[in-house]
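Chains A and B supply the protein sequences, listed in that same order. Oh and the first sequence: position 169 is 169 in our numbering, straight run, nothing missing. Oh and the second sequence: position 274 is 274 in our numbering, straight run, nothing missing.
Don't read these hints as lab results, they were simulated from the structure. Just so you know, these numbers come straight off a predicted model, no measurement behind them. All residues carry an ideal CB built from backbone N, CA and C; glycine is no exception. Certain hints may be false.
Chain B is nowhere near these chain A residues, computed Cβ spacing over 10 Å in every case [said to hold, decoys possible]:
1. Leu8
2. Lys19
3. Arg57
4. Arg87
5. Ser105
6. Tyr124
7. Glu201
No farther apart than 16 Å at their CA atoms in a straight line, the calculated lysine to aspartate or glutamate pairs in the EDC-like style are these [stated by the list, open to error]:
8. Lys229(B) x Glu207(A)
9. Lys12(B) x Asp202(B)
10. Lys194(A) x Glu213(B)
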Amino acid sequence: MSSRIEILNDGGYRSDGRKQYELRDITIDLTQQGTADGSAQLTHGLTQVLVTVFGPREAKMRSQTLHDRAVLNVEMSVAPFSTGERRKRSRADRRILEMAAMIASTFEPVVQTNLYPRSQIDIYVHVLQQDGSLLPACINATTLALVTAGVPLLDFVCAVTGGVHSTSPLLDLTTLEENDVPHMTVAVMPRTRKVTLVTMETRLHVERFRELFELACEAGQTIHREMKYAVKDRTVALVNAMDAGSKGGAADDHDRDVVMDDRI
Amino acid sequence: MPRPPSPSIPEKEFVYGALKQSLRLDGRAMLEMRTPTLSFGPELGWVECAMGKTRVLAQVDGKMVKPPPERPLEGIISIHSELSPMASNEYEPGRPTEEEVALTRMLDKVLRRSDAVDKESLCVLAGQRVWHIRLTIHVLSDAGNMVDCACLAGIVALKHFRRPEVEVEGDEITVHHPSERAPVPLSMHHTPFCFTFAFFPDAPPLVDPARLEETLSAGLLSVALNAQKELCVVQKAGGSPLPAEEVLAIMDIAVAKARELDRLVEARLQEDWKGRVVEVR
Numbered sequence: 001m002s003s004r005i006e007i008l009n010d011g012g013y014r015s016d017g018r019k020q021y022e023l024r025d026i027t028i029d030l031t032q033q034g035t036a037d038g039s040a041q042l043t044h045g046l047t048q049v050l051v052t053v054f055g056p057r058e059a060k061m062r063s064q065t066l067h068d069r070a071v072l073n074v075e076m077s078v079a080p081f082s083t084g085e086r087r088k089r090s091r092a093d094r095r096i097l098e099m100a101a102m103i104a105s106t107f108e109p110v111v112q113t114n115l116y117p118r119s120q121i122d123i124y125v126h127v128l129q130q131d132g133s134l135l136p137a138c139i140n141a142t143t144l145a146l147v148t149a150g151v152p153l154l155d156f157v158c159a160v161t162g163g164v165h166s167t168s169p170l171l172d173l174t175t176l177e178e179n180d181v182p183h184m185t186v187a188v189m190p191r192t193r194k195v196t197l198v199t200m201e202t203r204l205h206v207e208r209f210r211e212l213f214e215l216a217c218e219a220g221q222t223i224h225r226e227m228k229y230a231v232k233d234r235t236v237a238l239v240n241a242m243d244a245g246s247k248g249g250a251a252d253d254h255d256r257d258v259v260m261d262d263r264i
Numbered sequence: 001m002p003r004p005p006s007p008s009i010p011e012k013e014f015v016y017g018a019l020k021q022s023l024r025l026d027g028r029a030m031l032e033m034r035t036p037t038l039s040f041g042p043e044l045g046w047v048e049c050a051m052g053k054t055r056v057l058a059q060v061d062g063k064m065v066k067p068p069p070e071r072p073l074e075g076i077i078s079i080h081s082e083l084s085p086m087a088s089n090e091y092e093p094g095r096p097t098e099e100e101v102a103l104t105r106m107l108d109k110v111l112r113r114s115d116a117v118d119k120e121s122l123c124v125l126a127g128q129r130v131w132h133i134r135l136t137i138h139v140l141s142d143a144g145n146m147v148d149c150a151c152l153a154g155i156v157a158l159k160h161f162r163r164p165e166v167e168v169e170g171d172e173i174t175v176h177h178p179s180e181r182a183p184v185p186l187s188m189h190h191t192p193f194c195f196t197f198a199f200f201p202d203a204p205p206l207v208d209p210a211r212l213e214e215t216l217s218a219g220l221l222s223v224a225l226n227a228q229k230e231l232c233v234v235q236k237a238g239g240s241p242l243p244a245e246e247v248l249a250i251m252d253i254a255v256a257k258a259r260e261l262d263r264l265v266e267a268r269l270q271e272d273w274k275g276r277v278v279e280v281r
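Construct the entire structure; sequences and hints are all you get.
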């Protein structure tokens, strides 16, 4: 059925009107959610995920703590209405369990867990809508939620998907494209340019993989810029709010305006 | 039962110290695999694969079933794998552990989702009868790198298996007993092999980690590919971050390893086939 859809037409446009290397619109909402310590809602095209972070806090199960670092606990739930076909997935679905395990192991070397011995950081991932690039959306949202929770991280983790249609590489695939072309997910740490996660499940020649992999690493940098702006905006808003509460208001002390290093 | 304790500090330091000098505990070179030993049982599709002390048994059988209405033209392949305490004292019966989920998902991706077996050729009568190929993986003992061993056992078992010949006349299906007509092999698109690499801080990557190396490693990267240089699965879920060039360098190593392994598997299968008497009357 899917072969009837033109993935890339002669004019170089994809089925949703994007160019080959064009990413979908990313909207980041870092508003506080309930009692969570940190939260982020990330909308990536039609994919939408909400991640809430609790902790570092005392673990509910004392036996599962580690004496020298914090434990990351990732739980993922997929809303039954998130796909076109309404379907309730059990929490023990292997695909979901695997994805949660992937998120946990991606963040284990990035979060400075050694600062919080005998504690636990809970990450709850809720998938509200899915239209391709689900794992990257979850990873990006988790990074942002951890940042808003004030958990010390070594770096951002920025993920993106890429695919190859015959010989032309594409970035940021939709479900339609994921069903049709070989694709992979790459997560990079933008500052060191190191790769923390690579997954691919479809057949692809080694040479094509090389090309796409390098492209996806570049795209990670672009995603990083978006995420950095969102975090910066929120921090500026918070600092301004703090100033407004103090004696003179924000208007008279311009010298205390937030200066943030662009390199971070 | 409590989980056995993790490796002790001296053990850990010794392994790290040795690996820094590119030495491994079992005397292998960093990029040397344990040579897999494949032994075939009396039945077709019964393969035991041993890599060092890791042993996996794979068994294939086929039966005819009615296909699901959404895929009337395709045969069914199902993979069953279970980790029992028999494999290692770290596994407990009951709820699937993280290792078990990882094993099942990897087998599924390498053997089923990579389209190794041509599913359409398993169709006997559209919408009525298709072959259901069942692959059962038993992990007999886990001494490290169980996933690669299981994938190898699985793919060799699928290549070794032969299904009875069928004849269709109108709506009537005749299944010929193996003694009547020679059974036919499954039609395979390609043969993917899985390789796992382990990473350590300040040490070069190594292939086919042993149990201790696996537990102590800072990260694992699994690559499944065939001898035609086509990658089927790449899996690096977390672990220590790697520079992009290193990931690409590993792909090149895996390409060479896959060619080598492909030759070994083909040679072993031919050797076994010569020893079998095929009666055609």
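Hints and how they fare:
1. Listed as a non-interface residue, Leu8(A) keeps its Cβ farther than 10 Å from every Cβ of chain B; the least gap is roughly 21 Å.
2. Against the 10 Å criterion, Lys19(A) stays outside the reach of chain B, whose nearest CB is about 24 Å from its own CB.
3. No Cβ of chain B comes within 10 Å of the Cβ of Arg57(A); the nearest lies about 22 Å off, and the non-interface call holds.
4. Interface exclusion of Arg87(A) from chain B stands, the closest Cβ pair being 14 Å apart, more than 10 Å.
5. Separation of Ser105(A) from chain B is inadequate, the least Cβ-Cβ distance of about 3 Å not exceeding the 10 Å criterion.
6. The beta carbon of Tyr124(A) is kept farther than 10 Å from every beta carbon of chain B, the shortest such distance being approximately 18 Å.
7. With a least CB separation of 5 Å from chain B, Glu201(A) falls inside the 10 Å interface cut-off, contrary to its annotation.
8. With a C-alpha separation of about 9 Å, the suggested pairing of Lys229(B) with Glu207(A) holds against the 16 Å cut-off.
9. Only pairs whose Cα atoms come within 16 Å are accepted, and Lys12(B) paired with Asp202(B) is accepted, the gap being roughly 14 Å.
10. For the proposed pair Lys194(A) and Glu213(B), the alpha carbon gap of about 23 Å is over 16 Å, so the pair is violated.
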